[in-house]
Amino acid sequence: MAVVPAEIGLIVAGLLFCVGLAGVLVRRNIIFILLSLEIMLNACGLAFVVAGAHWRQPDGQVMYFFILTMAAAETAVGLSLILQMYRRFSSLDTHAINKMRG
Amino acid sequence: MLSLLWLVPILPLAGFLILALGGARLSRKVTSAVGVGSVGFSTAAATLVSISFVWFTPKEGSYSQTLWEWMRVGDFAPSVTFYLDALSLTMMVVVTVVGLLIHIYSTAFMASDEGYSRFFAYMNLFVASMLILVLADNLLLLYLGWEGVGLCSYLLIGFWYRERENAQAAMKAFLVTRIGDTVFAIGIFLLFVSVGTLQIQPILDAVSGYPVGAPLCTTAALLLLGGAVGKSAQLPLQTWLPDAMVGPTPVSALIHAATMVTAGVYLIARTHVLFAMSPMAMFIVAIIGTATLLLAAFSALAQDDIKRILAYSTISQIGYMFLALGVGAWAAAIYHFVTHAFFKSALFLGAGIVIKALHEEHDIFRMGGLRRSLPTTFKAFMAAALTLVAVPPLTLTFNSKDFILNEVWLSGDAGRVLWVLATIGTFLTAGYTFRLVFVVFFGSGPKSLEEQPSQWMVVPFAILAVLGLAAGFPELLNAAFGAQGFYGFLQSAMPGPIREFDSHSGVWLFQAIYIATSVAGIALTYLLYSLAPQYVRSIASTFVGSRLRLWWLAGWGFDWLYRKLIITPYVRLARLNRDDFVDAVYVGLERASQGANHLLSLTVNGNVRWYVAGLAAGAVIVMGLVVVL
Numbered sequence: 001m002a003v004v005p006a007e008i009g010l011i012v013a014g015l016l017f018c019v020g021l022a023g024v025l026v027r028r029n030i031i032f033i034l035l036s037l038e039i040m041l042n043a044c045g046l047a048f049v050v051a052g053a054h055w056r057q058p059d060g061q062v063m064y065f066f067i068l069t070m071a072a073a074e075t076a077v078g079l080s081l082i083l084q085m086y087r088r089f090s091s092l093d094t095h096a097i098n099k100m101r102g
Numbered sequence: 001m002l003s004l005l006w007l008v009p010i011l012p013l014a015g016f017l018i019l020a021l022g023g024a025r026l027s028r029k030v031t032s033a034v035g036v037g038s039v040g041f042s043t044a045a046a047t048l049v050s051i052s053f054v055w056f057t058p059k060e061g062s063y064s065q066t067l068w069e070w071m072r073v074g075d076f077a078p079s080v081t082f083y084l085d086a087l088s089l090t091m092m093v094v095v096t097v098v099g100l101l102i103h104i105y106s107t108a109f110m111a112s113d114e115g116y117s118r119f120f121a122y123m124n125l126f127v128a129s130m131l132i133l134v135l136a137d138n139l140l141l142l143y144l145g146w147e148g149v150g151l152c153s154y155l156l157i158g159f160w161y162r163e164r165e166n167a168q169a170a171m172k173a174f175l176v177t178r179i180g181d182t183v184f185a186i187g188i189f190l191l192f193v194s195v196g197t198l199q200i201q202p203i204l205d206a207v208s209g210y211p212v213g214a215p216l217c218t219t220a221a222l223l224l225l226g227g228a229v230g231k232s233a234q235l236p237l238q239t240w241l242p243d244a245m246v247g248p249t250p251v252s253a254l255i256h257a258a259t260m261v262t263a264g265v266y267l268i269a270r271t272h273v274l275f276a277m278s279p280m281a282m283f284i285v286a287i288i289g290t291a292t293l294l295l296a297a298f299s300a301l302a303q304d305d306i307k308r309i310l311a312y313s314t315i316s317q318i319g320y321m322f323l324a325l326g327v328g329a330w331a332a333a334i335y336h337f338v339t340h341a342f343f344k345s346a347l348f349l350g351a352g353i354v355i356k357a358l359h360e361e362h363d364i365f366r367m368g369g370l371r372r373s374l375p376t377t378f379k380a381f382m383a384a385a386l387t388l389v390a391v392p393p394l395t396l397t398f399n400s401k402d403f404i405l406n407e408v409w410l411s412g413d414a415g416r417v418l419w420v421l422a423t424i425g426t427f428l429t430a431g432y433t434f435r436l437v438f439v440v441f442f443g444s445g446p447k448s449l450e451e452q453p454s455q456w457m458v459v460p461f462a463i464l465a466v467l468g469l470a471a472g473f474p475e476l477l478n479a480a481f482g483a484q485g486f487y488g489f490l491q492s493a494m495p496g497p498i499r500e501f502d503s504h505s506g507v508w509l510f511q512a513i514y515i516a517t518s519v520a521g522i523a524l525t526y527l528l529y530s531l532a533p534q535y536v537r538s539i540a541s542t543f544v545g546s547r548l549r550l551w552w553l554a555g556w557g558f559d560w561l562y563r564k565l566i567i568t569p570y571v572r573l574a575r576l577n578r579d580d581f582v583d584a585v586y587v588g589l590e591r592a593s594q595g596a597n598h599l600l601s602l603t604v605n606g607n608v609r610w611y612v613a614g615l616a617a618g619a620v621i622v623m624g625l626v627v628v629l
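Those protein sequence lines, which keep their order, are chains A and B.
Quick note: the first sequence uses the working numbering, first residue 1, plus one each step.
Quick note: the second sequence uses the working numbering, first residue 1, plus one each step.
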C-alpha cells in the first residue's frame, strides 16, 4: 500500500476546512450551516489522523474518536435547536433570528 | 441675678422655634403673644441682669457664663459662653428695649399681613442672633450671631418676596454684606493662627503685647474692618442699605437703623485694643467714617422717598460712629450708637405711620400738612428729628454727636481737618432732616385723615422718641453735679485716651459752634422749603443743579460704578464660559467613548455568520502574527 505523504493529507484537511468555513459563512439555511460545521470538524479529525500517522503515534486516532463523539452530541443538540427554531419562526433562515442585536 | 444672662438670647430663640414650627396653625393672638412675649421676657431678664451688674459690679468688671462646650478639635475648643461688660450690657439693653417696642408696633403695623407668623418668627430669630452677637465671648460665637442677623436681614428685606424688586434688594444686601463677612472670616482665621485662641479677651491681651503698628495688628484690624464696613454700610460697601428699605418699615427700624447695621461699630469697639495697636488702621477707619458721613448726607438731601432719606441718614450717622472709633473715642461712638438707636428707630416708626396713613405713599412731595392730621405723630417725630440734629436748648440734653466732634478736634492736626468736614456734616444733617420735616408735616395738606393710626403704633413710637431725647440726660447730671454719667460708665469698659479742653470756655465755645451750625441748617431749610420753594425748583432746574441732584439721588452713582466695574465684566466672563470650555476635555472624552461604543455595537448585529467570519478572521490574523513574528 502506497504511503500517502503527510503534506497531501494536511492539504486535503485544510481544503476541507476551508470548504466547511465557506459553507458556514455563505449559507443562510441553518441546516447547511450545521452540515458545514460537521465538515470542518471532520477536516480537523483528518488533520489529527494524518499527524498521528506521520509520527506513528496512536494519539491522533484517539483524538479523532473524541471529535466524533463531540460531533455526535453537537449534532443532536443542534438539530433539536433547529427544530425549536422552525417551530417558533417557521423559517430556517438565520437572518430571521438576528434579534439579539447589540 | 447675673446668672439669668443665658435667658436673654434663649427666650427669643424659643419664640422663633415655636412660631416657626407652629406657623400659620397658631392664631394671630397666640402669634403676637409668643412673638412679643418672648422679647418682653428677654427684656425683663436683660433689665434684671443690668441692674444687678451696675449695682454689684464684679471685681474684674465683667461677668462670663459658659453654657457648654461647642466642639473640640484638638486644641481648638470654642465654648458657648456669654460675656457681659459695660459695652455688651449697653448693646444688650438697647437691642432688647428697641426690639420690644418695635415688636409691639409690628403687631399693629403687620396686622393685616398674611405672613404674620412668619414675620414674627424672623423678627424673634433676629433678636436672638443679635443678642448672641453682642454677648459672644469668642469670635466664633460672634460670627454665628453675625451670620444670623445677616440671614434675618435677607429674609426680612425680601419679606414681600412676590415682588421681584424686593427679592433683588434682599439678594443685593446679602451678597454685598457677604463680601465683608468673608473678609471678616479671614481676619478671624488670621487671629486664630497667630494667637491660637478665638476668645476675644485673651486675643486682646495677646495683641497688646505686640509693638504698636505691628504688621499682624494692622492686617487683622483691617480685615475686621472689612467685615464692619460691609455690615454697617460704610464706604465702599454702603450700596445695599438704601435698597434694603423695600422691607417692612419695622424691619427698617430695627435691623437697618437701630441694631444690625451698628454691628460693625460694636465689632470695632469690642476689639478696640487691636485697633489701638495699629494707628494706620485707625486712620483708615476715621477716613472711611468721614467720607461716608459726607457722601451719605449729600445723597439724603436729594432723595424723595421718605425711607431712603432715613436710610442715607443712617449711613451718615454710622459714619460719625466710625469717625469716633477712628480717633479712639470708643465711648463716644457707643454713646452715639445708643442715642441713634432710639431716635432713628423712632423716625422710621414715624415714617411707617405716615406711609400707612397715606396708603403706601413714599414720596415726601406728595405728603404735606400732616402736623394737623397726625398731631401726636408730628410731636414725636419732631422730638426725634431734633435729637438727630442736636439742638441742646430745645432737646434739653447734650448730644452724643458733640462728644464725637470734640474728640475729633482734640485728636491732633489731621483731626482738625476731619472736624471741619464732620461739622459740615452736621449742617447737612440739619438740612436733610428738616427738609423731610418741613415737606411732610408743614405746608398744605388734608385737615384730617380717614382713620387715625392705631395706638399700638403711636405709643411705642413716642416712647422711642422720648428715650432718644432722654439718652443725653445722664450727661446733663454729669455736667451739673459731676456724677459718673453713662459716658463715664462706657469709658470704664473701654478706656481711651483722655482728651480735655484746656478750659471750660472751650467746651462752651464748641457747643455754641455745633448749635449754630445746626440752627443755620434748619433755618436755611425753612427758607428754602417752607418760605420760598420756588428757589429750590429754580436751583434744581439749572443744568448743574439737575445733574447734581440726579447724581446724589443715585447715591453718587456707586451702583453704576459697581455695575460697570464688577457686574458687567463678571457677567461677560460667565457668558464667555456659557459653553463650558473648561469642560471641553471631559466632554470630548465622553463623546469619544460614546462613539467607540456605537462603532462596536454595530458589529453585534445578531447575524451569526458575521460572528463566525469575525472569529475566522481573528484566528487567521493571530496565526499570521505567530508565523510572521
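I should point out that these hints are in silico values taken from the structure, not numbers from a laboratory.
Yeah, the Cβ is synthetic: ideal placement off N, Cα and C, and Gly gets one too.
One or more of the hints may lead you astray.
Distance ranges between label pairs, derived from CB positions [to be verified]:
1. Gly-595(B) <-> Gln-57(A): 47 to 57 Å
2. Gly-614(B) <-> Arg-88(A): 20 to 30 Å
3. Leu-600(B) <-> Val-19(A): 29 to 39 Å
Covered by chain B, per the in silico footprint, the following chain A stretches (three or more residues, Cβ under 8 Å) [said to hold, decoys possible]:
4. 15–25
5. 65–73
Pulled from the structure, derived: some chain B residues nowhere near chain A, Cβ distances all over 10 Å [to be verified]:
6. Met-1
7. Trp-55
8. Trp-70
9. Val-97
10. Asp-113
11. Thr-197
12. His-359
13. Val-420
14. Leu-565
15. Pro-569
16. Asp-579
17. Asn-605
18. Gly-606
19. Gly-618
A quick look at each hint next to the structure:
1. Between Gly-595(B) and Gln-57(A), the C-beta spacing of about 53 Å keeps the proposed range 47 to 57 Å intact.
2. Here the CB-CB span from Gly-614(B) to Arg-88(A) is close to 26 Å, well matched to the stated 20 to 30 Å.
3. For the pair Leu-600(B) and Val-19(A), the supplied restraint of 29 to 39 Å holds, since their beta-carbon distance comes to about 31 Å.
4. By the rule of at least three residues with a Cβ nearer than 8 Å to a Cβ of chain B, the coverage given for the stretch 15–25 of chain A holds, with 3 such residues.
5. Interface restraint, the stretch 65–73 of chain A with chain B: violated (0 residues with C-beta to C-beta distance below 8 Å; minimum three).
6. The beta carbon of Met-1(B) sits about 82 Å from the closest Cβ of chain A, which is more than 10 Å, so the claim that it is off the interface holds.
7. Annotated as non-interface, Trp-55(B) keeps its C-beta farther than 10 Å from every C-beta of chain A; the closest such distance is 89 Å.
8. Listed as outside the interface, Trp-70(B) is consistent with that label: its C-beta sits roughly 59 Å from the nearest C-beta of chain A, beyond the 10 Å cut-off.
9. Distance check on Val-97(B): its Cβ is at least 78 Å (rounded) from any Cβ of chain A, clearing the 10 Å threshold; non-interface status holds.
10. At roughly 64 Å from the closest C-beta of chain A, the C-beta of Asp-113(B) stays outside 10 Å, upholding its exclusion from the interface.
11. In this structure Thr-197(B) is separated from chain A by more than 10 Å, as the shortest Cβ-Cβ distance comes to about 66 Å.
12. At roughly 73 Å from the closest C-beta of chain A, the C-beta of His-359(B) stays outside 10 Å, upholding its exclusion from the interface.
13. The beta carbon of Val-420(B) sits about 86 Å from the closest Cβ of chain A, which is more than 10 Å, so the claim that it is off the interface holds.
14. With a least beta-carbon separation of about 57 Å from chain A, Leu-565(B) lies farther than 10 Å from that chain, consistent with its non-interface assignment.
15. Every CB of chain A is more than 10 Å from the CB of Pro-569(B) (nearest about 50 Å), matching its label as outside the interface.
16. No beta-carbon of chain A comes within 10 Å of the beta-carbon of Asp-579(B); the shortest separation is about 32 Å.
17. Against chain A, the non-interface label of Asn-605(B) is violated: not every CB pair exceeds 10 Å, the least being about 6 Å.
18. Not every beta carbon of chain A lies more than 10 Å from that of Gly-606(B), the smallest distance being close to 3 Å; the non-interface claim is violated.
19. Gly-618(B), annotated as away from the interface, keeps every beta carbon of chain A farther than 10 Å; the closest lies near 13 Å.
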